Amino acid sequence: VEARDSLREGIPVNTVRVLDQRGESALGKPQGNYVTLTLEGLSSREEGIFPRSVRAVADELFGLLQTIPPSALVLVAGLGNRAITPDAVGPKVHQNVLVTRHLVRQMPEHFGALRPVASLAAEVMGTTGVESGELVRAVCEKLKPACVVAVDALASRSLKRLCRTVQISDTGITPGSGVGNHRMGLTRDTLGVPVIALGVPTVVDGATLAADLLGSDDLPDLNEGRDLLVTPKDIDSQVNDLAKVIGYGISMALQPGMTVEELELLLS
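Reading the sequence shown from the start, the letters are residues 1 to 268 in the numbering used here.
Rather than coming from a laboratory, the hints here were simulated on the basis of the structure.
Pairwise CB distance ranges, derived in the manner of DEER restraints:
(1) D20 - P108: 40 to 46 angstroms
(2) P256 - L7: 18 to 24 angstroms
(3) D5 - P108: 41 to 47 angstroms
(4) S6 - K160: 15 to 21 angstroms
(5) I84 - Q31: 30 to 36 angstroms
(6) T38 - S237: 14 to 20 angstroms
(7) A210 - H102: 45 to 51 angstroms
(8) E141 - G215: 47 to 53 angstroms
(9) A138 - D5: 36 to 42 angstroms
(10) H102 - A26: 42 to 48 angstroms
(11) E2 - H102: 36 to 42 angstroms
(12) E141 - R4: 33 to 39 angstroms
(13) R188 - P108: 27 to 33 angstroms
Here the structure is a predicted model, which is why all the values come from computation and not from measurement. No residue lacks a Cβ here, since even glycine has one placed at the ideal position from N, Cα and C.
Produce the entire structure from the sequences given, and follow the hints as far as they go.
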């Protein structure tokens, strides 16, 4: 395992690389890259934090996209339930992604320099009757993208990370796993293409909350606490802010050279 801390646009970035099976056993994570950006100033509206956060997310994501040809189609999948605010990160990111596939195909003389990007909001089985993983796989079989960028809300193991971090990995994601509701995973094995996952922790369970408040590193044995999920009181505004940062960051990573101001004009 390799780990390093750095700053990007003044934002703390922690990067962990799991290199082999020994690393997998030690961390319980598959081989790959895991990046965590800490966006402390976003909720307090620190001056200049929004464009800096967008550029930081874009730069880290761009680094994981180096093996994808610049003209290849990328599919963005926003996972989650838009009717439940803490779980609406994915659908809201979908609304903040610059989609260009139709433009590149229909007007190549004007938009041929852009990467083709498609996006969908893959809702939960409870509202569609279709697993989000099945929906994304079906779209992949039709569109044949070179890569999938999946976005979802996460359950945090620390109060300090709640709505304060953006986590990026190139190993895929399993929707619902953070709240014990495991579904079909979105990985290279299930979709047939590389999957980059972005997540934001928006809830903690009662046991984690108790452990943090007690200053304990071990989670207490609270069966009831596992079913209790806690989220910040201003979760609606925080989800909106984080979804915009991630959506713009994805768009900038997929369209190098585009600025935050240009995205604001195109998406607002």
